[in-house]
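J.: Listed below, chain by chain, are the residues.
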Amino acid sequence: MPLALGTAHPRLLGRRSHHYAASPNEPAWALRITSTLFPQLPVHAMGAFRVALASGIGLIVLLGLVGVFSVALLAAALLVPLLMLLYLYNVNVYEDEPFLVVGLTLLCGAVGGVIVGVVAGHVALPVQQHGWSQLTTGSVLVRVAVLPLASVVLALIGPLALLRHPRFNDVLDGVVFGAASAVALQSAMLLVVAWPVTGLGLRPEQDSTAWTLRLIELGVFVPLIVAGGVGWAAAALWARWRAPIRDRRALGPLGLPLSGVLVAAVLAVAAAVVQEVFGPLGRLFALAVLAAAGLLLMRRAIHLGLLEEANDADPGAEVECSNCGRPTAVHSFCSACGVALRALPKGPARGGHSSAP
Amino acid sequence: MTGPIHYRPGGHHHPRQGRWVVLVAFWTVMVLLCVTGVVVALVREPSTPASTCPPPQSCPGPQPVMPASSTRTWTSPGHTVSLQYPTAVFALQERSSTTLQLRVRSARPSGVEASAWISADPLSDGSPAALLRQRKSQLAASILGLTDDQDSRTVIPPPHIGDIAGVGGSYRGTVDTPQGPGGPVVAILAAATDGHTTAVVSYVITGTNDPAEIQMLRAYLSPILTSFTWGRP
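The listed protein sequences derive, respectively, from chains B and E. Sequential numbering of the first sequence, starting at 0, is according to numbering that gives the first Met the number 0. Sequential numbering of the second sequence, starting at 0, is according to numbering that gives the first Met the number 0.
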């Protein structure tokens, strides 16, 4: 529902809080993948990413059912990172600093993933153990706790370097950088760990249904979990060191730096435990629940971050909103459609729009 | 850390590319990825020489390279079953009232590992087939795509446990971890009962797809299966 206000009147901010600030035609609490993973897309551009994501999932399912598992794994590993790269380019998240942003998010995350993947290859595989009792085994503990925690830390290194850059000062920037770094790490790790699968041949004789379910988990659910967790942690860091003092607790008690990182760690470890302990169907269900939690966390960080930053700027010149195409003053929200203008493509550079701190 | 600096949002910029450009770019990259994946899989595909002894022919198989070793005897409580295993080959991992867990000692730099789990339950009310299915579902948590072995070079008939014919056979799958699927798995599963006790044996080899190595490692299981004694009255 369009909200006809550009300024942040408290009563209407309350109404606005029910609508997702980055896409006001959607509820703030909703499980929508494209508007959460790619928040700066205008509504008319979101369709292409939605179609790409759906068709990518369809391709993974098809390849899995046909039995070309190594090809399906490659597609599953790179589906979300590829969409993320297209998104970063398409909405100019990097604000004319492509090498800095892509290098410190996708590439830095990928390097972290290679490190974790190589280490994982040297950890023993007690495949006959099962159930919760195996969590006392040393090598299992490394796989379900040490490596996921290391992944969270490594995924945050790139975004932390960007945190120092004054150009990227929105909580939204932090969420996007954290999510991009996390999915790149997950993708690179999966490619390294799954390299032996290419040695099984093009179509190994194995249960294709079990493989297809696992591919969906690895291609969709796990990236959403890590993106949600690390995105939330990055949002907490941005809110603490980039937001005005009054907005530093905008994300609530779980949005403080330490608790934000803790949330990411808990999600990563929980996802690993679920994958180690549960059988195929239980694992699918549990990962779907964790992915929903990660998605909601990320959406919440974007939404609250945009709302809290609503009052930071004075109204400026009239421009055309790229979400609805109608005229609006340069401010926090479009006066016609209600979208947060920060959640739209950034254009060549924003330096000219800077205002006083 | 520098202090917060605030910018007015742009908001009047459009995405750099239209929807069709995004979709064409996405699909082009996905097709290239798939082609790359196919090429890599074909290049790395193991060669498959014709079997000299296809099933259902009975063949002696290669002579096992079994190191000279003393044996150790494991007897289940109540003396319902007992077996012997060569201590030079197997290291004891865990032993409980109903289960014996062994690991093949030879630490291989290639990452090949093998382990045997033997369980004997005198109070079991499940049939061998049901217990075998249960063991398979337990293994499915860590072995992806576990299915009947179709490779004529490694497939085996349902093994005997001691002097009782069992159900089961050899299975193939892929090691699955929280970090993703990895190397190949060959599992030999067998279950049998004497009417009083039901025994389930699972022997899992990970990290190799080489039939000769699989056959050699599989031979290590033979002394356990042949020495298995049912303690029926």
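There may be inaccurate statements among the hints.
[As the list claims (entries may be wrong)] Which stretches of chain B does chain E cover? Using the computed rule of at least three CB atoms under 8 Å from a CB of chain E, they are:
(1) 21 to 32
(2) 55 to 69
(3) 97 to 106
(4) 140 to 147
(5) 200 to 207
(6) 228 to 234
(7) 285 to 299
In short, the hints are calculated from the structure, not lab data. All C-beta atoms in this analysis are idealised placements derived from N, C-alpha and C, irrespective of residue type, glycine included.
J.: Are there three or more residues in the stretch 97 to 106 of chain B whose C-beta lies closer than 8 Å to some C-beta of chain E?
T.: It is violated: at least three residues are needed, and the stretch 97 to 106 of chain B offers just 0 whose Cβ sits closer than 8 Å to chain E.
J.: Test coverage of the stretch 228 to 234 of chain B by chain E using CB-CB distances below 8 Å; three residues minimum.
T.: violated (count 0)
J.: Is the listed coverage of the stretch 140 to 147 of chain B by chain E valid when you require three or more residues with a beta carbon under 8 Å from a beta carbon of that chain?
T.: Since 4 is at least three, the answer is holds.
J.: Three residues minimum, CB to CB under 8 Å: does the stretch 285 to 299 of chain B make the cut for coverage by chain E? Let me know.
T.: violated (count 0)
J.: Do three or more residues from the stretch 55 to 69 of chain B put their C-beta atoms closer than 8 Å to C-beta atoms of chain E?
T.: It holds, with 6 qualifying residues against the three required.
J.: How does the stretch 200 to 207 of chain B fare against chain E when you require at least three residues with a CB closer than 8 Å, holds or violated?
T.: holds (count 7)
J.: Counting residues of the stretch 21 to 32 of chain B with a beta carbon closer than 8 Å to any beta carbon of chain E, are there 3 or more?
T.: Answer violated; 0 residues pass the 8 Å Cβ test.
Hints 1, 3, 6 and 7 from the earlier list are contradicted by this structure; the remaining hints agree with it.
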